[in-house]
Amino acid sequence: MQLTGAQALVRSLEQQGVDVVFGLPGGAILPAYDPLLSSSLRHILVRHEQGAGHAAEAYAWATGRVGVCIATSGPGATNLVTALADAYMDSVPIVAITGQVPSPLIGSDAFQEADITGITLPVTKHNELVTDVERVPAAIAEAFHIAATGRPGPVLVDIPKDILQASMTWGSWPPAMDLPGYRVPGPPDQARIRQAARLLRQARRPVLYVGGGVIKSDSHADLRRLAEVARAPVTTTLMARGAFPDSHPLALGMPGMHGCYTAVAALQEADLIVALGARFDDRVTGRLADFAPRAKVVHADIDPAEIGKNRVPDVPIVGDLKVVLAELADCMTTLVAAEGAPDTSAWIASIGDWRQRFPLRYSQLSDGPLKPQHVIERLSALTGGDAIVVAGVGQHQMHAAQHFSFTRPRSWINSGGLGTMGFAVPAAMGAQVGRPGELVVAIDGDGCFQMTAQELATCAIEKLPIKVLIMNNGFLGMVRQWQELFYDERYSYVELGTAIPDYVKLAEAYGCVGLRCERADEVDAVLDKALAVTDVPTVVDFRVHDREGVFPMVPAGRPNDEIVLGPEFSELEQQAATRREMTAR
Amino acid sequence: MSTHTLSVLVENKPGVLAHVAGLFSRRAFNISSLAVGPTEDERVSRMTIVVDGASTPVEQVAKQLDKLVRVLKVVELDEDSAVERELALIKVRADPALRGQLLEVATVFRANVVDMSPTTLVLEAVSSPAKLDSLLAMLEGYGTCELVRTGRIALARGSAVITDDAAVEPGAAGIAAASAA
Numbered sequence: 009m010q011l012t013g014a015q016a017l018v019r020s021l022e023q024q025g026v027d028v029v030f031g032l033p034g035g036a037i038l039p040a041y042d043p044l045l046s047s048s049l050r051h052i053l054v055r056h057e058q059g060a061g062h063a064a065e066a067y068a069w070a071t072g073r074v075g076v077c078i079a080t081s082g083p084g085a086t087n088l089v090t091a092l093a094d095a096y097m098d099s100v101p102i103v104a105i106t107g108q109v110p111s112p113l114i115g116s117d118a119f120q121e122a123d124i125t126g127i128t129l130p131v132t133k134h135n136e137l138v139t140d141v142e143r144v145p146a147a148i149a150e151a152f153h154i155a156a157t158g159r160p161g162p163v164l165v166d167i168p169k170d171i172l173q174a175s176m177t178w179g180s181w182p183p184a185m186d187l188p189g190y191r192v193p194g195p196p197d198q199a200r201i202r203q204a205a206r207l208l209r210q211a212r213r214p215v216l217y218v219g220g221g222v223i224k225s226d227s228h229a230d231l232r233r234l235a236e237v238a239r240a241p242v243t244t245t246l247m248a249r250g251a252f253p254d255s256h257p258l259a260l261g262m263p264g265m266h267g268c269y270t271a272v273a274a275l276q277e278a279d280l281i282v283a284l285g286a287r288f289d290d291r292v293t294g295r296l297a298d299f300a301p302r303a304k305v306v307h308a309d310i311d312p313a314e315i316g317k318n319r320v321p322d323v324p325i326v327g328d329l330k331v332v333l334a335e336l337a338d339c340m341t342t343l344v345a346a347e348g349a350p351d352t353s354a355w356i357a358s359i360g361d362w363r364q365r366f367p368l369r370y371s372q373l374s375d376g377p378l379k380p381q382h383v384i385e386r387l388s389a390l391t392g393g394d395a396i397v398v399a400g401v402g403q404h405q406m407h408a409a410q411h412f413s414f415t416r417p418r419s420w421i422n423s424g425g426l427g428t429m430g431f432a433v434p435a436a437m438g439a440q441v442g443r444p445g446e447l448v449v450a451i452d453g454d455g456c457f458q459m460t461a462q463e464l465a466t467c468a469i470e471k472l473p474i475k476v477l478i479m480n481n482g483f484l485g486m487v488r489q490w491q492e493l494f495y496d497e498r499y500s501y502v503e504l505g506t507a508i509p510d511y512v513k514l515a516e517a518y519g520c521v522g523l524r525c526e527r528a529d530e531v532d533a534v535l536d537k538a539l540a541v542t543d544v545p546t547v548v549d550f551r552v553h554d555r556e557g558v559f560p561m562v563p564a565g566r567p568n569d570e571i572v573l574g575p576e577f578s579e580l581e582q583q584a585a586t587r588r589e590m591t592a593r
Numbered sequence: 013m014s015t016h017t018l019s020v021l022v023e024n025k026p027g028v029l030a031h032v033a034g035l036f037s038r039r040a041f042n043i044s045s046l047a048v049g050p051t052e053d054e055r056v057s058r059m060t061i062v063v064d065g066a067s068t069p070v071e072q073v074a075k076q077l078d079k080l081v082r083v084l085k086v087v088e089l090d091e092d093s094a095v096e097r098e099l100a101l102i103k104v105r106a107d108p109a110l111r112g113q114l115l116e117v118a119t120v121f122r123a124n125v126v127d128m129s130p131t132t133l134v135l136e137a138v139s140s141p142a143k144l145d146s147l148l149a150m151l152e153g154y155g156t157c158e159l160v161r162t163g164r165i166a167l168a169r170g171s172a173v174i175t176d177d178a179a180v181e182p183g184a185a186g187i188a189a190a191s192a193a
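Protein chains in written order, with the numbering used here: chain A, 9 to 593; chain B, 13 to 193.
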């Protein structure tokens, strides 16, 4: 069968099982948009290509499938770069398809020409400029294979206009892939698994340090089995919130710069850390040399390059966590049946003591300024954790990660590694498309919201009833917090103002429901009203206290031992926290 | 300076050099030298990359290189068990009075004269990087006008072949990461 390159592209996407693509057409990609019109694919017309990229990412986060975005050459393609970099940092499987100027014009500075494969080289898992129309199906099949397997990541396929217009012979699907240099790790080393189980059996102060890999590999059930049989507490990183239920007695909460005191202290005091799909990021470890000084480390990851990159493990395990965790839990179960359960009771008692004395703390007076933590806790309570929570980047993101009680995986979507402001609105859109009928709530900041708010139009037209809760403090709040703490309260260009734009009117102008809430005693009623809307997006302008900080906090580059509890704790409490009295050592 | 020599087999496709060079730049690894050329298999090119071990974590370099989709195999060659060679062309000031001395130096280092003018000589030297450095040190006193070096290339000594443990066909999947510790 003879097809054009464009028809082959669309047919390849259909064959690949894609159901939705996020995109925005333009000159060079135009040939692809023609067959798109008569295809089974749902195309969501975004208002800015960055929105298409983040929507594809969140679709992937929410569904576990590869997200797809399409843009034209030049500025269309460069607008995808932030989303690609974001997906690369957070190992999110997306495929970006970009039009390119016709082959004979490449290199001539043609209209809307940009070397997008060159530009995205450092922020993609792989990319390719297709130079032969016959290769279109294989290029697409390879892109999906690379994006989804091994450590997932973004792949970009750049197709010149003349290739889209040229004629090719459609063969059978799937096409033969030509990836001689691409390897996915095989089964994990059994001896290492046994060694890890043996260490867990002997440990007195173990911690399971769980990263995003557990969610991506869908191995949360085996994680829970392992934690329970090993009687080991679990800390879930920013990328792994929801991998282990926060209500579980062994849950420590989030570690790191704005982690719970209990999680940070447990890692520092641990005699064994089992890192599962985590990468010892600087935001988790604090000053690396002082991180968990007494701990032996088991590090399991699908990417061999992560093992030993920051912390050299005692037991390295390369493999798919789905297999690693199942085998480790089995191995541990056998060991415990033979030798009895590990004795971690004193350790768990110490942790219980920390949890009680140094919890996440904030004060919401009934007639005082509204606190963002209160809004998030009420959302968590009213939904029972039964929501997909999306966040931007900054104080609201940290408050959401801390105060929402997560119950299941793929219910938390954020920009972790890159820290992309403006992620939330388009990401909520992508999550809602991937999980229609479920409640999707974006917790956003006023600074973030204004970067990508235009996608509200897309959501309204597509009847995507996302909720956007703006924690409006009129500031770039996290930057303000750093200026307060580290720049002598010199607030240099961080004030946005709370009133411009009028978020309620803006929401209405976009065809959304707009609500405002200024007092703590109104929060439940306003949230109820927002949650009741089912046909269009809802935006709520929560006017929150502008001086509320995020605590606890480990100052950047400092050891985790220097964790600051914040203004809600007394000097005596801070001293006790720093001494870290323990019933077990 | 402790250098490490990596032999890297890559697919002979457009953009591969950019992928490899881009990796070094993005990860802040330093390349001391890089030489690329075809191999006995036209689908495969071979890069010889020399990195400074003091400033660059060699194991990370190898692991990250191995992750590139167009990279087929990464092997670190041990200096003692590999043949390492580099070609240099050197234009040296050679007044007639000094020419004889220079030719003597060239003979000792088995360098060939490939061009001559009334005031200069161009020498061609092929040798191990260390020997080349000694030659250059010797020539410095005469005045080196211009120097070009190809960068190091290397092969393991003995009967071992870089494609050992891997199928000869570069299309075979499932090769264990050759560089993994």
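A few of these clues could be false.
What follows is a set of in silico ranges between Cβ atoms, one per label pair, in the way DEER data are often shown [unchecked claim]:
# : chain 1 : residue 1 : chain 2 : residue 2 : range
1 : A       : Gln462    : B       : Gly65     : 45 to 55 Å
2 : B       : Arg38     : A       : Pro563    : 43 to 53 Å
3 : A       : Ser180    : B       : Lys25     : 17 to 27 Å
4 : A       : Leu113    : B       : Pro50     : 37 to 47 Å
These aren't lab readings, by the way, just hints derived from the structure by calculation. Glycine included, C-beta positions come from ideal geometry on N, C-alpha and C.
Check your understanding: Regarding A/Leu113 and B/Pro50, is the given constraint of 37 to 47 Å on their beta-carbon distance met?
Key -> Roughly 30 Å apart at Cβ, these two residues miss the hinted range, so it is violated.
Check your understanding: Does 43 to 53 Å hold as the CB distance between B/Arg38 and A/Pro563, or does it fail?
Key -> violated, 28 Å
**Study point:** Pairwise beta carbon distance, A/Gln462 to B/Gly65, judged against the given window 45 to 55 Å
**Key:** holds, 50 Å
Check your understanding: Holds or violated: 17 to 27 Å for the Cβ distance of A/Ser180 and B/Lys25?
Key -> The hinted range 17 to 27 Å holds for A/Ser180 and B/Lys25, with Cβ atoms some 24 Å apart.
In summary, the numbered hints that this structure violates are 2, 4.
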